[in-house]
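S.K.: Whole structure, please, built from the sequences with the hints as guidance.
There are 2 protein chains.
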Amino acid sequence: MNTRFAVAVHILTLLEANAGKPATSEWIAGSVDTNPALIRRQLVQLAKAGLTRSQMGPGGGALLARPADRITLADVYRAVTAEDDILPIHPSPNPRCPIGRNIQTLLEERIGAAERALEAELGRTTIADLTETISRRAG
Amino acid sequence: MNTRFAVAVHILTLLEANAGKPATSEWIAGSVDTNPALIRRQLVQLAKAGLTRSQMGPGGGALLARPADRITLADVYRAVTAEDDILPIHPSPNPRCPIGRNIQTLLEERIGAAERALEAELGRTTIADLTETISRRAG
DNA sequence: ATTTGTGAAACTACCATGGTTACATAATGA
DNA sequence: TCATTATGTAACCATGGTAGTTTCACAAAT
Numbered sequence: 013m014n015t016r017f018a019v020a021v022h023i024l025t026l027l028e029a030n031a032g033k034p035a036t037s038e039w040i041a042g043s044v045d046t047n048p049a050l051i052r053r054q055l056v057q058l059a060k061a062g063l064t065r066s067q068m069g070p071g072g073g074a075l076l077a078r079p080a081d082r083i084t085l086a087d088v089y090r091a092v093t094a095e096d097d098i099l100p101i102h103p104s105p106n107p108r109c110p111i112g113r114n115i116q117t118l119l120e121e122r123i124g125a126a127e128r129a130l131e132a133e134l135g136r137t138t139i140a141d142l143t144e145t146i147s148r149r150a151g
Numbered sequence: 013m014n015t016r017f018a019v020a021v022h023i024l025t026l027l028e029a030n031a032g033k034p035a036t037s038e039w040i041a042g043s044v045d046t047n048p049a050l051i052r053r054q055l056v057q058l059a060k061a062g063l064t065r066s067q068m069g070p071g072g073g074a075l076l077a078r079p080a081d082r083i084t085l086a087d088v089y090r091a092v093t094a095e096d097d098i099l100p101i102h103p104s105p106n107p108r109c110p111i112g113r114n115i116q117t118l119l120e121e122r123i124g125a126a127e128r129a130l131e132a133e134l135g136r137t138t139i140a141d142l143t144e145t146i147s148r149r150a151g
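Same order as they appear, the protein sequences are chains A and B. Everything in the first sequence is counted per our numbering, starting at 13 for the first residue and increasing by one. Everything in the second sequence is counted per our numbering, starting at 13 for the first residue and increasing by one.
Think of the hints as simulated: they come from the structure by calculation, not from any bench. Please note: incorrect hints may appear among the correct ones.
Identical copies look the same in the list; a pair holds intra-copy or inter-copy alike.
Unchecked claim - Cross-link-like lysine to any residue pairs, in silico, SDA-like; alpha carbons within 25 Å at most: (1) K33 to R113; (2) K33 to P110; (3) K33 to N114; (4) K60 to S147; (5) K60 to N30; (6) K60 to P70; (7) K60 to A86; (8) K33 to N106; (9) K33 to G112; (10) K33 to P105; (11) K33 to T145; (12) K33 to R16; (13) K33 to L76; (14) K33 to A129; (15) K60 to R113; (16) K60 to T15; (17) K33 to C109.
Fair warning: this is a prediction, and the values are worked out from it, not measured in the lab.
M.R.: Below you can see the structure in the form of structure tokens.
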């Protein structure tokens, strides 16, 4: 999770700011300053997570799948983060050592709790919050 | 932050279990099942963070720099995580777009808060907690 | 039917990481 | 003083993930 999260949030914020009009990957790529195909790949991921939907053909593009005040940063985080992306994979500790044998599951418990705390905090902010703050600061 | 965090915690837990006797990188590598040089690289990082110290020469090795009940997983996390390792770097958004211009700093605020929540949760567990739990489960 | 735009595959380039070897340096003890 | 032990560190390779790019098939609208 590095640039993909930032780009995903950027995309969703753009869609919200676009007020229901389908946004093409090329237009989005213009604001993010990257490649349309890259944006489409991200959009597919976001669509699978139920955050966006896309329409093909002329006048088509991407739309938010639900109101922006019901999409939190935690939703985006989960959409973008591959399973065990944060859960550290320990390279097979020695099973003959009692610590090596037990440390991994124990760590997973604690990291799981920490990640839940992370997501809870991210869940406090919605895409609507972001657009509102930006328009207020820019205004 | 992937395997390095897990390995670092593993190392510190070993040092605590070793009860004040210096542990060589070779011995540690045996339990972690990896290379001594790799362990030494990690130990240097942990020493810079003030969590361990090392003694050269015969009978030397690594020791905890302070009691295990005063080393939290948050300390390890900070020692292992390079600056801006989690902070997503957005690939230069288009400054002509009001959203592209503002999204980055706004996101950094929110992610900063989320990371503080993560560290707060990690801060609730100490290395001493881990060794205690392991010995209880293994016992 | 033409145009517009997504979906998806194939490919390259790049960087971080793990892993490994080798060697200089420091500390200990005989 | 000298051999031994162990860290510190540099150099190097292999691998995997990611961004970036090109290309094309397919779907929808006029």
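S.K.: Compare the structure with each hint and give your call.
M.R.: Do the hints match the structure? See the list:
Taking the shortest Cα distances, K33 and R113 sit within 25 Å of each other only across copies (21 Å), while inside one copy they are farther apart (55 Å). In the homo-oligomer, the alpha carbons of K33 and P110 lie at most 25 Å apart only across protomers (18 Å), although the nearest pairing inside one protomer, at 59 Å, exceeds that limit. In the homo-oligomer, the alpha carbons of K33 and N114 lie at most 25 Å apart only across protomers (22 Å), although the nearest pairing inside one protomer, at 53 Å, exceeds that limit. For the identical chains of this complex, K60 and S147 are neighbours neither inside a copy (29 Å) nor across copies (44 Å), given an alpha-carbon limit of 25 Å.
For the identical chains of this complex, K60 and N30 are intra-copy neighbours only, at 21 Å inside a copy versus 49 Å across copies, given an alpha-carbon limit of 25 Å. In this assembly of identical chains, K60 and P70 lie within 25 Å of each other by CA distance solely inside one copy; the values are 22 Å within and 58 Å between copies. In this homomeric assembly, K60 and A86 come within 25 Å of each other (Cα to Cα) only inside a single copy, at 15 Å, whereas the closest approach across copies is 34 Å. Taking CA atoms no more than 25 Å apart as the test, K33 paired with N106 passes between copies only; the shortest distance there is 21 Å, against 57 Å inside one copy.
Taking identical chains as interchangeable, the C-alpha atoms of K33 and G112 lie at most 25 Å apart only when they sit on different chains, with a minimum of 19 Å there against 55 Å within one chain. Taking CA atoms no more than 25 Å apart as the test, K33 paired with P105 passes between copies only; the shortest distance there is 22 Å, against 53 Å inside one copy. In this homomeric assembly, K33 and T145 come within 25 Å of each other (Cα to Cα) only inside a single copy, at 21 Å, whereas the closest approach across copies is 55 Å. Proximity of K33 to R16 under the C-alpha cut-off of 25 Å is restricted to the intra-copy arrangement: shortest distance 24 Å within a copy versus 45 Å between copies.
In this homomeric assembly, K33 and L76 come within 25 Å of each other (Cα to Cα) only inside a single copy, at 10 Å, whereas the closest approach across copies is 59 Å. Within a single copy, K33 and A129 get their C-alpha atoms no closer than 35 Å, and across copies no closer than 36 Å, so neither meets the 25 Å cut-off. Taking the closest pair of Cα atoms, K60 and R113 never come within 25 Å of each other, the shortest separation being 37 Å inside a single copy and 28 Å across copies. Taking the closest pair of Cα atoms, K60 and T15 come within 25 Å of each other only inside a single copy of the chain (19 Å); across copies the shortest separation is 28 Å, beyond that limit.
Taking the closest pair of Cα atoms, K33 and C109 come within 25 Å of each other only across two copies (17 Å); inside a single copy the shortest separation is 60 Å, beyond that limit.
The structure shown violates the earlier hints numbered 4, 14 and 15.
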